[in-house]
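Protein sequences appear in the order of chains U and S. Quick note: to get the numbering used here, add 2 to the position in the first sequence (first position is 1). Quick note: to get the numbering used here, add 2 to the position in the second sequence (first position is 1).
Everything labelled a hint here was simulated from the structure, so no lab data went into it. Among these hints, one or two may not hold up.
It does not matter which identical chain is meant; a pair holds if it fits inside one copy or across any two.
[Stated by the list, open to error] In silico BS3-like links for lysine-lysine, alpha-carbon gap of 27 Å or less:
1. K25 x K213
2. K25 x K142
3. K213 x K248
4. K142 x K6
2 protein chains.
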Amino acid sequence: VPLKTISILGVGLLGGSIGLATKSLITGCKIIGYGHRPATLSAAIERGAIDQGTTNLQQAVADCDLVILCTPVGLFRPIIQQIAPVLSDFAIVTDVGSTKRSVVELAAKHLRRPERFVASHPMAGSEKRGVEFARSDLFKDALCLTTPTALTDPQALAEVEQFWRLLGMRITRLSPQEHDRWIGQISHLPHAVAAALVTMQDQASLALAGKGFMDATRIAAGDAGLWRDIFLDNRDNLSAGIQRMKAELDRLLMALDANDEEAVMAWLDAAASMRQAMTKEKQ
Amino acid sequence: VPLKTISILGVGLLGGSIGLATKSLITGCKIIGYGHRPATLSAAIERGAIDQGTTNLQQAVADCDLVILCTPVGLFRPIIQQIAPVLSDFAIVTDVGSTKRSVVELAAKHLRRPERFVASHPMAGSEKRGVEFARSDLFKDALCLTTPTALTDPQALAEVEQFWRLLGMRITRLSPQEHDRWIGQISHLPHAVAAALVTMQDQASLALAGKGFMDATRIAAGDAGLWRDIFLDNRDNLSAGIQRMKAELDRLLMALDANDEEAVMAWLDAAASMRQAMTKEKQ
Numbered sequence: 003v004p005l006k007t008i009s010i011l012g013v014g015l016l017g018g019s020i021g022l023a024t025k026s027l028i029t030g031c032k033i034i035g036y037g038h039r040p041a042t043l044s045a046a047i048e049r050g051a052i053d054q055g056t057t058n059l060q061q062a063v064a065d066c067d068l069v070i071l072c073t074p075v076g077l078f079r080p081i082i083q084q085i086a087p088v089l090s091d092f093a094i095v096t097d098v099g100s101t102k103r104s105v106v107e108l109a110a111k112h113l114r115r116p117e118r119f120v121a122s123h124p125m126a127g128s129e130k131r132g133v134e135f136a137r138s139d140l141f142k143d144a145l146c147l148t149t150p151t152a153l154t155d156p157q158a159l160a161e162v163e164q165f166w167r168l169l170g171m172r173i174t175r176l177s178p179q180e181h182d183r184w185i186g187q188i189s190h191l192p193h194a195v196a197a198a199l200v201t202m203q204d205q206a207s208l209a210l211a212g213k214g215f216m217d218a219t220r221i222a223a224g225d226a227g228l229w230r231d232i233f234l235d236n237r238d239n240l241s242a243g244i245q246r247m248k249a250e251l252d253r254l255l256m257a258l259d260a261n262d263e264e265a266v267m268a269w270l271d272a273a274a275s276m277r278q279a280m281t282k283e284k285q
Numbered sequence: 003v004p005l006k007t008i009s010i011l012g013v014g015l016l017g018g019s020i021g022l023a024t025k026s027l028i029t030g031c032k033i034i035g036y037g038h039r040p041a042t043l044s045a046a047i048e049r050g051a052i053d054q055g056t057t058n059l060q061q062a063v064a065d066c067d068l069v070i071l072c073t074p075v076g077l078f079r080p081i082i083q084q085i086a087p088v089l090s091d092f093a094i095v096t097d098v099g100s101t102k103r104s105v106v107e108l109a110a111k112h113l114r115r116p117e118r119f120v121a122s123h124p125m126a127g128s129e130k131r132g133v134e135f136a137r138s139d140l141f142k143d144a145l146c147l148t149t150p151t152a153l154t155d156p157q158a159l160a161e162v163e164q165f166w167r168l169l170g171m172r173i174t175r176l177s178p179q180e181h182d183r184w185i186g187q188i189s190h191l192p193h194a195v196a197a198a199l200v201t202m203q204d205q206a207s208l209a210l211a212g213k214g215f216m217d218a219t220r221i222a223a224g225d226a227g228l229w230r231d232i233f234l235d236n237r238d239n240l241s242a243g244i245q246r247m248k249a250e251l252d253r254l255l256m257a258l259d260a261n262d263e264e265a266v267m268a269w270l271d272a273a274a275s276m277r278q279a280m281t282k283e284k285q
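If we strip away everything but chain U, and leave its shape as in the complex, we get:
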């Protein structure tokens, strides 16, 4: 079934990039963008990311084949509640949120046809925000996680995964619970840690920051509101991750306090070996 009309709810970096990628890769597909600020919609139209924009949520989704939630995850509840009554029976709904348990629950609770909701997490983006940083190749060669449940219509799942593949992504399926646990550990925790590393600096140390510090903390520049939503939504997994992080640092503290060369070496070597192997694998 060819996609005729796609509705992108939230035309920031991700929504805008989906628009640009779709328009460059799928012909004959109309893209409607929703946003609460007319200026954002104008900018998205100017950039060619959407064909038309509206600040009316229900208008944005009426008669669409595919609706993609691209706002911060904290807005998913009101959006899903508002679009539920006007979605057509054939519409497929997906999202790009960094947490998955809550949105799956919201869809199951509020949508008339929850089986046609397919939760997605395209792992692309940057610390930048806004449609002005959108790129048609943002998703190329990146990983997209989908988290279908027993409720999910296999046909809808296949169509959503096919859409992400068209944009250049590889697909990995997980349960919403697995997703939030592993992503909490490999993405949300590193963000918290990078933010803490930045905050604890002062003018004297910041003046000495080199490339290593800039790389290690780049993610901390990400939009605070967007990350607040993610942190709160996944706070059980994030809290558990922080506790494990503190325990890992305590192991180093003990080795340092004891001036134990072998223990410090073993601690550092385990990390260096793992990290070097990751670089090799990505090559």
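We have chain U; now place chain S onto it with these hints.
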């Protein structure tokens, strides 16, 4: 005074890069490399980083104008003890170590003319090691910290700083104590944190690692032996940094446990604003 002979003790990434940079920027200067493995010395000669190599430490420094310690900091004590008896009276000695209190103390204790030792920390390098990754432009536009003391001969200090400037670096002077405190906070602590972030992952989470995680943990791939020396040498400052890091994470934990949107937002926003300002400053 033109430099006629430079002795580079340890021809890895940093030593090799100093050799390459010197040969491309200073004419008529002979470079002698010391290493304990003949194969490393051959590789350094082949790359054009040194003119001749020796595995005899005392031969390497005899009759040299400038001696540069480029080994891991854990080797500074035996090296300084061994070169002390054979250094000529006019020789200037410097180093490239990432800690400064201990080397300043070693020089004061063991060198016949400690006033001609100028401690340096050129802030360049990468997680790579070995002369095969050496680059003549490694130091270009980077920061070099010098940590003179009341003992330091101003003429020797001026000559060493002029040498680093010739290699393209900016100079900042600090006391050895300030250096180890601030560098502990902006460089050694981030390394420890990145290593902990890597070690606590498992196969399931590693499979989902994106660009953010790779950037945030790149430094953790650095040579474990080199970093063991640094961690042990600066363990008081590093331990204090880890404690502050844990306190910072505890502030987030409390906000998460209380599901306190405003506190989580404030915590994230402080870091994002600081980090965004750093990016702007570097531009």
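Hints, verified against the model:
no., hint, result
1, K25 x K213, "between (37 Å within a copy, 25 Å between copies)"
2, K25 x K142, "within (14 Å within a copy, 43 Å between copies)"
3, K213 x K248, "both (25 Å within a copy, 24 Å between copies)"
4, K142 x K6, "within (22 Å within a copy, 54 Å between copies)"
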